[in-house]
Structure formats: structure tokens, C-alpha cells
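Protein chains in written order, with this note's numbering: chain H, 1384 to 1521; chain U, 19 to 129.
Accuracy of the hints is not assured; some may be wrong.
As the list claims (entries may be wrong) - In silico negatives: residues of chain H with every beta carbon more than 10 Å from chain U:
(1) Val1388
(2) Leu1396
(3) Gly1455
(4) Asp1470
Claimed, not checked - In silico DMTMM-like links for lysine to aspartate or glutamate, alpha-carbon gap of 25 Å or less:
(5) U/Lys99 with H/Glu1404
(6) U/Lys103 with U/Glu47
(7) H/Lys1418 with U/Asp100
(8) U/Lys44 with H/Asp1400
(9) H/Lys1418 with U/Glu104
(10) H/Lys1498 with H/Asp1475
(11) U/Lys44 with H/Glu1463
Hints were generated in silico from the structure; no laboratory data involved. Note that the coordinates shown come from a computational prediction; the quantities given were computed from them, not determined experimentally. Using N, Cα and C, we set each Cβ at its ideal position, and we do this for glycine too.
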Amino acid sequence: MDEVVVLRLSNQLPELDRLAEAVEAFGERHGFPRKTVYQLRLVLDELLTNVISYGFSDNKDHEIEVEIRLAGSQLQFRIEDDAAPFDPLRVDSPDLTTTVEDRAIGGLGIHLVRKLMDSVRYERRDDKNRLFLEKTIS
Amino acid sequence: MELVEKNTGDVTILVLNGRLDSNTSKILEDKVMDILRQGCKKVLMDFQDVDYINSTGLRVLLLALQQLKKNQGRLFLCCIKDYMKEVFEISGYTEIFPIFISQDDAVKGFA
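In isolation and in its complexed conformation, chain U is listed as follows (with noise of 0.2 Å):
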């Protein structure tokens, strides 16, 4: 998996590319651990070239979660594909992340 780092105003934006799972999650993991750090409380997950995810990765998003809403922040996710739709809907994260189709929406918002 690669990821990439992009600001827009305060919001941070990950761009996610691969797979996320048992042998790459620790990559986003870290990530988010470094973001939290920087005091970063938008973040964005694009997820717009990501074609695989498992339980691993899915497990990171609610970690990250987690320790963004302690320090009052915020996680959003974009642009899922549809086939892994039912996925995020069946693990009940649809009720628990703000999903929106594109990134700018997203941005959007946050405000």
C-alpha cells in the first residue's frame, strides 16, 4: 500500500493506494499515530485507488477513530468503491464514519 499526505486548510488528507490488510495496515496505522501527534484534529481518508480491504484494515479506521474522537477530532472517509460498499456497511461503519463520494464534499464538510 502507498500512502500520501496533503494538506487543505486544516484538514489532512490521506490518499490511500493498494491493498489494506494483515501485511499493510501497520503502514496506515503509524501514519495515523504520526498525525494524532502533529495535533491534527480533520482528517480525511481518500480511499479513491484502494481495491481491497480485510478486517486488519478495517480495525485501523476505528482505531483511528477512537483516538481522534478523544482529542476532539474528526475522521471522514471518501470515495469507497462500490463493491466494498456492503462490507463497510455489514461491519456497522457506515454509522460511525461520515462517507461521502468525493473529496470535496468531504472537505466541504468539515467547515
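Bound conformation, chain H alone (with noise of 0.2 Å):
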């Protein structure tokens, strides 16, 4: 069964608690393996928490979109916002082979968005980032 489910969350951080339970829902509803509804959930908190808590500097209201659908086994996120320019990929990962006293605070959660999903695509269009993700269903 195919779905296609779009969400508009406005930039405040307990609108991640809707988002997660969309995606929860989402995954019961077809059926995903535990793990997966925890992966992919981890996943849009990762990027979101990222836009809302970074992404803007005017104090106003923003709309950011997810959209979630599976089409057979292709699970795909697009997510567009408005925030200023961020390509997600274009952030180093983490250096996770230096011992524990040296080992860095940051840049954890893209690490595990790019290692989760099996693509992540990133484009700035018409002033909006739009960031494109896919993970096969198995």
C-alpha cells in the first residue's frame, strides 16, 4: 500500500513531538520494523531540530513542510523550508576513530542522517532549501 502523508510544522521545537508521531503512525500503519520507525524518526528530529533551532534569526513565524510516502519498498522524506541556506552534506563527519578525550561534541546528528538513509539529496530553489531522502523498506 502506497501513502503519501504531508506535514506542516511551524518553527517551534515541540512541533517535533506531532512529527514523531506521524512517523510512528506512519510506520505502524505499513507495518516497518521497530528499528526502522526509531531510525526514521531519529532521522526528520535530527534535521528539524536543525532547522528550528538554527535556521532562522527573525523571530517570526516559518512553515516547514515534510512530506513522507512510500512507494512499494522506497521510503522517501522531502523536507522544504524557508531557513537560510544549509546543505546538510556539506557538513564533515565526525572524526569517530580519535580517543574518548579528544573525541568531538558536534556534528553527530548529520553523521547519523547520511549513515541511516540511503541517499540524501540537497537543493536551494526559489529562496527554499529542499533536502530529499530515500531508504529502501526491507
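Join these two chains into a complex; the hints should help.
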């Protein structure tokens, strides 16, 4: 069963609860494994937390659109916002081979997104950030 | 998130419950700083009832480990749910944290 869900969130962190509920419900409807549901929720949490926390400097309300689409076994996310230009693919991955003492505290969120999804594509168009992510559900 | 502190011998056990995310991780961070001030050197975090963790929560774990190491302390983790283990692996945490399947095993691990 294919399905498309579109959520429009305002740029407030509590909105992430609504997003989490939507992902959990989507996964449940399609019988995704628990691990997959958790990882998908995590990916959206990391990306949206970044946009909401760091993307806007004008103290105004902004809308962020999140589309969750399942086509066969292909799960796709589209995230669209009018935040400052930000390409998460340009963020360096953290060095996970250093000693504990030297291990950097940041950069983990984007690293997780890239590792947990099969593909991530970014474009800036019409003054908007657009992020397309895909993962095959097994 | 809820957090219960208990002690077994000289091991401080933090039993965590709920979500460890951007809203709740500060609670754990404050608690960690608190027990560090008390001079605890053997700390165990029990994840039995943790059903969600994101990078903010993971950062607090690393921060706690770094602070403990500075004071010759150790931090063990136990009872992480199966579906969350891959995220700990991808984060490189299975390399730097001793992770046990039960609280008993972890407490014995400090000996």
C-alpha cells in the first residue's frame, strides 16, 4: 500500500512531537520494523531540530513542510523550508577514531542521518532549502 | 524523562526512563554534573526503559564519559534496547563505552 503524508510544521521545537507521532503512526500502518521506525523518527528529529534551532534569525513564524512517501518498498522524505541556506551534506563527518578525550562533541546528528538513509540530496531553489532522502524498507 | 539514582557498593546507578532528546537531555546532564561533584568514579547508566535517544542525548553520554575520565572515573551502559543498538554503533559508541546486557553484569564489570 502506497501512501503520502504531508505535514506543515511551524518553527517551534514542540512541533517535533507531532512529527514523531506521525512517523510512528505511518510506520505502524505499514508494518515497519521497530528499528526502522526509530531510525526514521531519529533522522527527521535531527534535521528538523537543526532547521528550527539554527535556521531562522528573524523571530517570525515559518512553515516547514515534511512529506513522507512510501512507494513500494521505497520510503522517501522531502523537507522544505525557507530557512537560511544550509546543505547538511557539506557538514564534515565527525572523526570517530579519536580517543575519548579528543572526541568532538558535535556533528553527530548529520552523521547519523547520512548513515541511516540510503541517499540524501539537497537543493536550494526559490529561496528554499529542499532535502530529499530515501531508504529502502526491508 | 525520569531518572532514578541508586547505589550498589561504590557504583552509582542511574536508571533512565523515557526519551533522551533535545527536551530532556539537560536533566541527565545536570544529574551527571551533580554526581561528579560528589566524587563518584563508577557510574552505570541503565537504558532498560529508554525508548528513544537522539544526538543530543548521545552527546550528553560522551560529555559524561569525558568528565569521568578526567577524574579517573568510568562510565558503563547497560540494557540498551535492540532496536537502538545500531545507532550506538554508527555513533562509534560501542568502541568507547563498555556496554552490558544486564545491570548485574555491568556492576560485576567494575570489579
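### Message
Against the 25 Å threshold, does the CA-CA distance of H/Lys1418 and U/Glu104 hold or violate the hint?
### Response
9 Å, holds
### Query
H/Gly1455: least C-beta distance to chain U exceeds 10 Å?
At roughly 23 Å from the nearest Cβ of chain U, H/Gly1455 sits farther out than 10 Å, so the non-interface label holds.
### Given as non-interface: H/Asp1470, which should sit over 10 Å from chain U by C-beta
18 Å, holds
#### Entry: Pair hint outcome, U/Lys99 versus H/Glu1404 [Cα-Cα no greater than 25 Å]
With a Cα-Cα distance of about 20 Å, the restraint between U/Lys99 and H/Glu1404 holds, given a limit of 25 Å.
### Message
Quick check for students: does the CB of H/Val1388 sit more than 10 Å from each CB in chain U?
### Response
20 Å, holds
### Query
If you draw a straight line from the CA of U/Lys44 to the CA of H/Asp1400, is it 25 Å or shorter?
18 Å, holds
### Message
Would the hint linking U/Lys44 and H/Glu1463 be met if the CA-CA limit is 25 Å?
### Response
At roughly 29 Å apart (the allowed maximum being 25 Å), H/Glu1463 and U/Lys44 break the hint.
### Query
Holds or violated: is the Cβ of H/Leu1396 farther than 10 Å from all Cβ atoms of chain U?
7 Å, violated
### Message
With the threshold set at 25 Å, check whether the alpha-carbon distance from H/Lys1418 to U/Asp100 stays at or below it.
### Response
8 Å, holds
### Query
Do the alpha carbons of H/Lys1498 and H/Asp1475 lie within 25 Å of each other, as the hint requires?
13 Å, holds
### Query
Are the Cα positions of U/Lys103 and U/Glu47 separated by 25 Å at most?
Roughly 21 Å separates the two Cα atoms, so the pair holds.
The structure is inconsistent with the numbered hints 2, 11, although it conforms to all the rest.
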